[in-house]
Amino acid sequence: MVEDRRLGDLIAYVILTIGVLIVAFPVWLTFVASTWDASTVINGQMPLYPGPYFFENYNRILFVGTSSTTREPVIGMMFNSFVMAMAIALGKIFISVLSAYAVVYYRFPFRMAAFWIIFITLMLPVEVRIFPTFKIVSDLRMLDTYQGLAVPLIASATGTLLFRQFFMTIPDELLEASKIDGAGPFKFFKDTLLPLSITTIAALFVIQFIYGWNQYLWPLLVTTKDSMQTIVIAIKKMIVTADALTEWQLAMATAMLAMLPPVFVVIAMQRLFVKGLVETEK
Amino acid sequence: MAQVTLNNVKKVYAGGVEAVKGVTFDIPDGGFCVLVGPSGCGKSTLLRMVAGLETITSGEVSIGSRTVNQVEPADRDIAMVFQNYALYPHMSVYDNMAYGLRNRGTPKHEIEKRVREAAKILAIETLLERRPRQLSGGQRQRVAMGRAIVRKPQVFLFDEPLSNLDAKLRVQMRVEIKKLQRALGVTAIYVTHDQVEAMTLSDKLVVMNGGQVEQIGLPAEVYRKPASKFVATFIGSPPMNILPGAVDGPGIVALGEAIIEARDLREDLAEGAPVEIGLRPEDIEIASEGQAGSLPFDVEFIEELGATQLFHGKLGGQPFVMQAATGEVSAQEGRLWIAVDPDKVHVFDPKTGVRLGKG
Numbered sequence: 200m201v202e203d204r205r206l207g208d209l210i211a212y213v214i215l216t217i218g219v220l221i222v223a224f225p226v227w228l229t230f231v232a233s234t235w236d237a238s239t240v241i242n243g244q245m246p247l248y249p250g251p252y253f254f255e256n257y258n259r260i261l262f263v264g265t266s267s268t269t270r271e272p273v274i275g276m277m278f279n280s281f282v283m284a285m286a287i288a289l290g291k292i293f294i295s296v297l298s299a300y301a302v303v304y305y306r307f308p309f310r311m312a313a314f315w316i317i318f319i320t321l322m323l324p325v326e327v328r329i330f331p332t333f334k335i336v337s338d339l340r341m342l343d344t345y346q347g348l349a350v351p352l353i354a355s356a357t358g359t360l361l362f363r364q365f366f367m368t369i370p371d372e373l374l375e376a377s378k379i380d381g382a383g384p385f386k387f388f389k390d391t392l393l394p395l396s397i398t399t400i401a402a403l404f405v406i407q408f409i410y411g412w413n414q415y416l417w418p419l420l421v422t423t424k425d426s427m428q429t430i431v432i433a434i435k436k437m438i439v440t441a442d443a444l445t446e447w448q449l450a451m452a453t454a455m456l457a458m459l460p461p462v463f464v465v466i467a468m469q470r471l472f473v474k475g476l477v478e479t480e481k
Numbered sequence: 029m030a031q032v033t034l035n036n037v038k039k040v041y042a043g044g045v046e047a048v049k050g051v052t053f054d055i056p057d058g059g060f061c062v063l064v065g066p067s068g069c070g071k072s073t074l075l076r077m078v079a080g081l082e083t084i085t086s087g088e089v090s091i092g093s094r095t096v097n098q099v100e101p102a103d104r105d106i107a108m109v110f111q112n113y114a115l116y117p118h119m120s121v122y123d124n125m126a127y128g129l130r131n132r133g134t135p136k137h138e139i140e141k142r143v144r145e146a147a148k149i150l151a152i153e154t155l156l157e158r159r160p161r162q163l164s165g166g167q168r169q170r171v172a173m174g175r176a177i178v179r180k181p182q183v184f185l186f187d188e189p190l191s192n193l194d195a196k197l198r199v200q201m202r203v204e205i206k207k208l209q210r211a212l213g214v215t216a217i218y219v220t221h222d223q224v225e226a227m228t229l230s231d232k233l234v235v236m237n238g239g240q241v242e243q244i245g246l247p248a249e250v251y252r253k254p255a256s257k258f259v260a261t262f263i264g265s266p267p268m269n270i271l272p273g274a275v276d277g278p279g280i281v282a283l284g285e286a287i288i289e290a291r292d293l294r295e296d297l298a299e300g301a302p303v304e305i306g307l308r309p310e311d312i313e314i315a316s317e318g319q320a321g322s323l324p325f326d327v328e329f330i331e332e333l334g335a336t337q338l339f340h341g342k343l344g345g346q347p348f349v350m351q352a353a354t355g356e357v358s359a360q361e362g363r364l365w366i367a368v369d370p371d372k373v374h375v376f377d378p379k380t381g382v383r384l385g386k387g
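Protein sequences, first through last, are from chains A and B.
So the working numbering is basically just the index in the first sequence, starting at one, shifted up by 199.
So the working numbering is basically just the index in the second sequence, starting at one, shifted up by 28.
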């Protein structure tokens, strides 16, 4: 059978290009809006090309802040969001890699019970247990702190499950070879298990960093001080203003800034990701 | 270098499964002991107990003069080669070999020296910077051996190390393992289910079945005088023919109509007692009709093996195989008259499978 490959390719490219345009257009519009002044954005006749206010808008939002609702400069909020996202991602990796190691490699009493208890927490995300969690955090005087933002979100089973499944694919002979080579439990973990888990760790880091960065409900509850706001909350606050004009150009600039760190994380980790996928062999 | 002694070693798993039912033997210093048997016979469990990877339920394992039951694998002064090699995938060949030494705190220049030496012996000097995944099966096998050599252990343990290689490489590595063990003079225990490997490598062959030792001896001895029907059919390829028969007098057994001599037959057996007669396919000779002790063999088909031919057919209604050098017997189907050297007739108890020999 002879196919007309060129026509097929052309159609595929057209469809893909349309798809890319649909996805990219709002992002472009956001960027364009962040480079004009307030009146141009508001009068509904904003051009589709960037305006002359790029530096002014970004400088203002990064280091000064809006004039009404959020007050603090966005650079501080980005720092808060970054700390929270990093704490959640790293904390979760740390806890889940250790708990998976225990569940897979140690024969302790009630091992499976312990695993199932961890597993069941999948059914209890923060939204479900939000009042008790808030109560605990407030009793521990962790409101308006970085611990308060991150710790309750670290505890969940996804990471443990991911590592458990991965550890179970590692042949027992590697453990036995390590034993004969004189590596104790900690050395085996550090010298063999962790290096083999790099790709899984990278995957979990990407997922959890974005999960942490995008948090809205929990930070809204536990932070009251302006200095502890995260950038995602700030965007929302900038848009809903009861008694003042929304400074759309600044809200859009904040949205652009909020997008950057997750994009960087994905791009940076993607390389490790692909490298790991290609090279992994057990 | 050390002698390894096993004294009534047992392994019972949680749940009551008896994997090893009391095994006693010893391997002299520098000896090459092969544990052979079908899968599930407990040979690997036994090896793993010597390695310290399985706990010993009862009995005693000693290496040299030291009982090692409670000693950690790393402190037993052993090195093990695994079936799937168990190389660390994220380490270079050099690091794979050096890892155990580093953990023991061996000085750096000493590690370097030993790794280079081992690499030279195994002809893998050019591969030291590679990762295991960049190596072929045979090369990985060598690295696994290298990892064992650099430790300069008292005992080498091999757990079916050749079963992941192709047939040609297996023969080559088999010879190399034997040479290496001779050259280094290290005591070795080798587990396999391949009777050819078992015969060629060992100077002490331990045949196991169902968690028990069936026979221990020199490979030639085990081949010549199998202690049981199980050993007789397990060692030797194609396997020994087993035919039902009866005692017909001192040193004489009846096989259907025919009467044949069996020199090793025990003398205290009652006439007419049922026995099983074992004849190796390669021990069969061509005879003529009417000759004393000749048996009628109806050939059904012939398998060509190149140097030899296998004649499949029936003898007294039982399946029977005979092996002969190509050209020795005119290849055709139909009746052949065959005979066996009285020294090569094996007789077993039909109930227990024990050899009914003179002792």
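For the record, the hints were derived by calculation from the structure and aren't laboratory data.
Any given hint might turn out to be false.
[Said to hold, decoys possible] Straight-line alpha carbon distances no greater than 35 angstroms define the calculated DSBU-like cross-link-like pairs of lysine-lysine that follow: (1) A:K389 / B:K372; (2) A:K386 / B:K196; (3) B:K207 / B:K141; (4) A:K435 / A:K334; (5) B:K136 / A:K386; (6) A:K424 / A:K435; (7) A:K378 / B:K386; (8) B:K342 / B:K206; (9) B:K232 / B:K206; (10) A:K378 / B:K196; (11) B:K232 / B:K196; (12) A:K378 / B:K379; (13) B:K206 / B:K141; (14) B:K141 / B:K232; (15) B:K148 / B:K196; (16) A:K386 / B:K180; (17) B:K141 / A:K386; (18) A:K386 / B:K206; (19) B:K148 / B:K49; (20) B:K232 / A:K389; (21) B:K38 / B:K148; (22) B:K206 / A:K378; (23) B:K207 / B:K38; (24) A:K378 / B:K141; (25) A:K378 / B:K342; (26) B:K148 / A:K378.
[Stated by the list, open to error] Far from chain B, by Cβ distances over 10 angstroms, these chain A residues were calculated: (27) I317; (28) I335; (29) F366; (30) M367; (31) L373; (32) K378; (33) P394.
Quick reminder that beta carbons are idealized off the backbone N, C-alpha and C, glycines included.
Now the hints, each set against the structure:
no.: 1; hint: A:K389 / B:K372; in the structure: 60 angstroms, violated
no.: 2; hint: A:K386 / B:K196; in the structure: 38 angstroms, violated
no.: 3; hint: B:K207 / B:K141; in the structure: 22 angstroms, holds
no.: 4; hint: A:K435 / A:K334; in the structure: 25 angstroms, holds
no.: 5; hint: B:K136 / A:K386; in the structure: 19 angstroms, holds
no.: 6; hint: A:K424 / A:K435; in the structure: 16 angstroms, holds
no.: 7; hint: A:K378 / B:K386; in the structure: 48 angstroms, violated
no.: 8; hint: B:K342 / B:K206; in the structure: 40 angstroms, violated
no.: 9; hint: B:K232 / B:K206; in the structure: 13 angstroms, holds
no.: 10; hint: A:K378 / B:K196; in the structure: 32 angstroms, holds
no.: 11; hint: B:K232 / B:K196; in the structure: 25 angstroms, holds
no.: 12; hint: A:K378 / B:K379; in the structure: 45 angstroms, violated
no.: 13; hint: B:K206 / B:K141; in the structure: 24 angstroms, holds
no.: 14; hint: B:K141 / B:K232; in the structure: 33 angstroms, holds
no.: 15; hint: B:K148 / B:K196; in the structure: 23 angstroms, holds
no.: 16; hint: A:K386 / B:K180; in the structure: 22 angstroms, holds
no.: 17; hint: B:K141 / A:K386; in the structure: 24 angstroms, holds
no.: 18; hint: A:K386 / B:K206; in the structure: 34 angstroms, holds
no.: 19; hint: B:K148 / B:K49; in the structure: 42 angstroms, violated
no.: 20; hint: B:K232 / A:K389; in the structure: 41 angstroms, violated
no.: 21; hint: B:K38 / B:K148; in the structure: 40 angstroms, violated
no.: 22; hint: B:K206 / A:K378; in the structure: 26 angstroms, holds
no.: 23; hint: B:K207 / B:K38; in the structure: 32 angstroms, holds
no.: 24; hint: A:K378 / B:K141; in the structure: 23 angstroms, holds
no.: 25; hint: A:K378 / B:K342; in the structure: 54 angstroms, violated
no.: 26; hint: B:K148 / A:K378; in the structure: 26 angstroms, holds
no.: 27; hint: I317; in the structure: 25 angstroms, holds
no.: 28; hint: I335; in the structure: 40 angstroms, holds
no.: 29; hint: F366; in the structure: 14 angstroms, holds
no.: 30; hint: M367; in the structure: 16 angstroms, holds
no.: 31; hint: L373; in the structure: 5 angstroms, violated
no.: 32; hint: K378; in the structure: 5 angstroms, violated
no.: 33; hint: P394; in the structure: 4 angstroms, violated
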